[in-house]
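Given the sequences, and given the hints that come with them, work out the whole structure.
Quick note on full-length UniProt numbering: the sequence shown kicks off at 1 and runs consecutively.
Do not rely on the hints blindly, as some may be mistaken.
With a straight-line cut-off of 25 Å between C-alpha atoms, the simulated DSS-like cross-links for lysine-lysine are [to be verified]:
hint, residue 1, residue 2
1, 186, 207
2, 160, 207
3, 160, 185
4, 182, 47
Hints were generated in silico from the structure; no laboratory data involved.
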Amino acid sequence: MKGIILAGGTGSRLSPSTNSINKHLLAVYDKPMIYYPLSILMLGGIKEIMIITTAHDRSRFEELLGDGSTLGISLTYHEQVEPNGIPEALIIGEKFIGNDDVTLILGDNIFYGQGFTNILRSAIQSHDHATIFGYRVKDPRRFGVVEFDEQQKVVSLEEKPEDPKSDFAVTGLYIYDNQAVKMAKKLHLSARGELEITDVNKAYLTKDQLKVQLLGRGFAWMDAGTHESLYEASEFVRNIQQRQGFKLACLEEISFYMGYLSKEVLYKKGKSMEKNDYGQYLMEIAGRKHSQQYWDSIERNPVLGLVENE
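Written out as structure tokens, the structure reads:
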């Protein structure tokens, strides 16, 4: 399984903050936005990840994350010339994906909820063709909407319908088998002038190959693509971290507990940022005794990576 994060676009909804910087590099409270989707893929057990961004911003992502080796993963980068829609990520990533399946996540999506890592890993390990994630929203007319029957079988998909058939939106997280690339390449531009990810999902639905995993009560899904939602996401992360004492989407902590980093390396990383809370947090983790037992004791709680650990 390969992973792709789509972090391109113009970020026009966040202008003027994004006039000189990619929105996915803006801070969601105490860390860059890109950390959140990257943490989801890492907790899903995916180690080969491509970040798709603009030519202007590519070097900034490379400076921030490098090749991923310091986190125990492999990161590659590719440029998106124009924001032509989500399915273009599959086309751009064709060679990267190769003969593998792929999990695609949007760079401004944030997930939180007890048990999410287990749900994600189960979906990745057991999926046959395509899996989308449904989340109940107050105004489904603003989203792609998934309708399903009593057995949770997908019945229909609609893009921003005037009269929604359900109140479950399709989130920006998709698990596809290898045929998704061919499906994306067959698409035509919609009336919005973009390739639509709903059309890829409909292609799977037509073949009866689309599953939906519902995220129920206790979960939070946020799209931090507007000033208001970015502020709300930052407040959400701040409140969770201050109340629970854990960092959300802390990439170094995830790498350490998944066995990619040693205590010594983790401490060194923390030491390089010791003047702030993030660095002190890493040093504290590295200094704990019985770290694995500690990990085991909290893995059922929603404290890391915006998800339940492991």
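Results of checking the hints against the structure:
Between residue 186 and residue 207 the alpha-carbon distance is near 15 Å, which keeps this suggested pair within the 25 Å criterion. Distance hint between residue 160 and residue 207 is fulfilled; the C-alpha atoms sit about 23 Å from each other, no more than 25 Å. At most 25 Å may separate the alpha-carbon atoms for a hinted pair to count; residue 160 and residue 185 meet this at roughly 23 Å. With a CA separation close to 24 Å, the supplied pair residue 182 and residue 47 stays within the 25 Å bound.
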